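Participant: What follows is each chain in one-letter form.
2 protein chains.
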Amino acid sequence: MYSEDALVRKIRRRFSAAGAEVGIGDDAAVVDSPDGFRAVLCSDLLVENTHFERRTHPSDAVGFKSIAANVSDIGAMGAVPARCLISVAVPADLDESWIDGFLDGAAEACRVFEVAVVGGDSSSSERIFVDVAMMGHVEPGRAVRRNGARVGDGIYVTGCLGAAALGLTRLESGSRTDPAIRRQLYPEPRHRLGRRIAPRATAMIDVSDGLSIDLGHIVTESGVSARIERESIPCHPGAGIEMALHGGEDYELLVTAADLPSEVDGVSVARIGEIIAGDSNRIVLVGESDEVILEPLGWRHFRSGARRASA
Amino acid sequence: MYSEDALVRKIRRRFSAAGAEVGIGDDAAVVDSPDGFRAVLCSDLLVENTHFERRTHPSDAVGFKSIAANVSDIGAMGAVPARCLISVAVPADLDESWIDGFLDGAAEACRVFEVAVVGGDSSSSERIFVDVAMMGHVEPGRAVRRNGARVGDGIYVTGCLGAAALGLTRLESGSRTDPAIRRQLYPEPRHRLGRRIAPRATAMIDVSDGLSIDLGHIVTESGVSARIERESIPCHPGAGIEMALHGGEDYELLVTAADLPSEVDGVSVARIGEIIAGDSNRIVLVGESDEVILEPLGWRHFRSGARRASA
Numbered sequence: 007m008y009s010e011d012a013l014v015r016k017i018r019r020r021f022s023a024a025g026a027e028v029g030i031g032d033d034a035a036v037v038d039s040p041d042g043f044r045a046v047l048c049s050d051l052l053v054e055n056t057h058f059e060r061r062t063h064p065s066d067a068v069g070f071k072s073i074a075a076n077v078s079d080i081g082a083m084g085a086v087p088a089r090c091l092i093s094v095a096v097p098a099d100l101d102e103s104w105i106d107g108f109l110d111g112a113a114e115a116c117r118v119f120e121v122a123v124v125g126g127d128s129s130s131s132e133r134i135f136v137d138v139a140m141m142g143h144v145e146p147g148r149a150v151r152r153n154g155a156r157v158g159d160g161i162y163v164t165g166c167l168g169a170a171a172l173g174l175t176r177l178e179s180g181s182r183t184d185p186a187i188r189r190q191l192y193p194e195p196r197h198r199l200g201r202r203i204a205p206r207a208t209a210m211i212d213v214s215d216g217l218s219i220d221l222g223h224i225v226t227e228s229g230v231s232a233r234i235e236r237e238s239i240p241c242h243p244g245a246g247i248e249m250a251l252h253g254g255e256d257y258e259l260l261v262t263a264a265d266l267p268s269e270v271d272g273v274s275v276a277r278i279g280e281i282i283a284g285d286s287n288r289i290v291l292v293g294e295s296d297e298v299i300l301e302p303l304g305w306r307h308f309r310s311g312a313r314r315a316s317a
Numbered sequence: 007m008y009s010e011d012a013l014v015r016k017i018r019r020r021f022s023a024a025g026a027e028v029g030i031g032d033d034a035a036v037v038d039s040p041d042g043f044r045a046v047l048c049s050d051l052l053v054e055n056t057h058f059e060r061r062t063h064p065s066d067a068v069g070f071k072s073i074a075a076n077v078s079d080i081g082a083m084g085a086v087p088a089r090c091l092i093s094v095a096v097p098a099d100l101d102e103s104w105i106d107g108f109l110d111g112a113a114e115a116c117r118v119f120e121v122a123v124v125g126g127d128s129s130s131s132e133r134i135f136v137d138v139a140m141m142g143h144v145e146p147g148r149a150v151r152r153n154g155a156r157v158g159d160g161i162y163v164t165g166c167l168g169a170a171a172l173g174l175t176r177l178e179s180g181s182r183t184d185p186a187i188r189r190q191l192y193p194e195p196r197h198r199l200g201r202r203i204a205p206r207a208t209a210m211i212d213v214s215d216g217l218s219i220d221l222g223h224i225v226t227e228s229g230v231s232a233r234i235e236r237e238s239i240p241c242h243p244g245a246g247i248e249m250a251l252h253g254g255e256d257y258e259l260l261v262t263a264a265d266l267p268s269e270v271d272g273v274s275v276a277r278i279g280e281i282i283a284g285d286s287n288r289i290v291l292v293g294e295s296d297e298v299i300l301e302p303l304g305w306r307h308f309r310s311g312a313r314r315a316s317a
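Chains as they are written, first to last, in my numbering: chain F, 7 to 317; chain S, 7 to 317.
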């Protein structure tokens, strides 16, 4: 039986909480907040059999993704990620190697994204459950929200979409070698790019739930509508337009701005459409010979489709 | 089927995130951090069938406790709780009244403890799972840790112990009227008292896992041992010494200090023993005619005992 005490000791050994006045192992962590900055806070859940399955997702990928998803959210505010709390509940009979892998993945993500683990909580549960809460910082008034898109703004996407969804279908069909699998298991958020783009952005969000849902958040919050061109959407090689529109988990940035260059820091930035007036908050998807209203299906729809296809 | 979107809308309506530059509904929240203070961070998990059962714990109690447990941790640092993120995963077929009750309880706790909900995450899962991450603040260098207890310090406990454990046994035996039940369901952390006591404390922790475990943390972290007197331990009326020693969830404060008054802000403060030398980090429990080593059994042991008793 895997004890919580052993888990806490293991987490504590792994994450030294560099720079914290009080780190892991007390009632709470105590950290600096940079003078003149605002604290930026978010959290992200990963639930077994909802977000991942033990069969398809190695434990280090779960650890990596739990950090990466939050880094992506902080980056999509134009902010800098800094510290996090990891809460993890696992079955008492879970193999210790799962925990070790999970911590390996989380530690690797913290290293790559320059984030420190300063605390958290642990518990037993019937299914694996991970919640990471992250704190970052941003200059006052400089956070980029979802509600600032203006009529006439261009709509931009960094990198390409559909890779994570393609990777998931590959995983579920038993493959372990397709390059898209890496995008599903070890996503690399665009937080540094977000920080660069932020001064020019009127609205920004990360593509975590899928373009159809995430652009939906921008138009709803901003009180506008959108018109995007199917041919302009950058699809990962091998991923179809459905994966790009609804797949999610790509952790690319979706940005509205008067203008953005076609490349920032070596990453392509594609203009996929523009913000239009309309308080119906619709997304019009324009094809070569047709126009349809894009429904916000997102990754849940897509994933259940993938499951059916692989069953 | 209860959708996550509906849950997020409900949470957002309920918690206005007063004072946050960016509140619920964006990638992350943006909040002030007071100049010259340090941020204090913690999180606390509540897992169905580990920490609570739907049969015995009404949903508003789960919501209340998810906030209270974190307020208690922040208070045990001598810090002031301020803002939190609520992550909640629930079964898709969960009755909406459970969610409403949960949010009622969380909102009531936020009102009473003066904490604002600024964000979080939601998901579906097979069992109910709640993780609250909280941020507070404290003056630099003023946080009271677990590792400062010195040989000769007195060991003090606020209020009385065993009430939450007694309440649990009452609940599990079908009672709904015993006054101790309120201490189990709607605990009132001593965060304001912790702030008052902090300047005189060498170490401080909240009694969440049980006196035997929590005092164990202090002696281990401080590199000392402890000697406590059975007769001095303040037991809630009706709660036996076992409940007081191991029950946990009382959210009282356990403090080491050269000296503390017997009452602070109307709350009794009992001296139950003293810190002694000894790197074995033992706790000696002194009775009228015997001395035993107190094993760190804590609430898990106690609770499974209570379950057996009520089965």
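A hint or two may mislead.
For identical chains, the list gives no copy identity; a pair is met inside one copy or between any two copies.
As the list claims (entries may be wrong) - When the alpha-carbon atoms are kept at most 20 angstroms apart in a straight line, the in silico SDA-like pairs for lysine to any residue are as follows: (1) Lys16 <-> Arg202; (2) Lys16 <-> Thr226; (3) Lys16 <-> His223; (4) Lys16 <-> Asp99; (5) Lys16 <-> Ala122.
These aren't lab readings, by the way, just hints derived from the structure by calculation.
Keep in mind it's a predicted model, so treat the numbers as computed, not measured.
Participant: Compare the structure with each hint and give your call.
Facilitator: Right, here's what the structure says about each hint:
1. In this assembly of identical chains, Lys16 and Arg202 lie within 20 angstroms of each other by CA distance neither inside one copy nor across copies; the values are 36 angstroms within and 34 angstroms between.
2. When the C-alpha separation of Lys16 and Thr226 is checked against a cutoff of 20 angstroms, the pair qualifies only between copies, where the shortest distance is 16 angstroms, while the shortest distance within a copy is 44 angstroms.
3. When the C-alpha separation of Lys16 and His223 is checked against a cutoff of 20 angstroms, the pair qualifies only between copies, where the shortest distance is 16 angstroms, while the shortest distance within a copy is 39 angstroms.
4. In this homomeric assembly, Lys16 and Asp99 come within 20 angstroms of each other (Cα to Cα) only inside a single copy, at 17 angstroms, whereas the closest approach across copies is 36 angstroms.
5. In the homo-oligomer, the alpha carbons of Lys16 and Ala122 lie at most 20 angstroms apart inside one protomer (16 angstroms), although the nearest pairing across protomers, at 32 angstroms, exceeds that limit.
In summary, the one numbered hint that this structure violates is 1.
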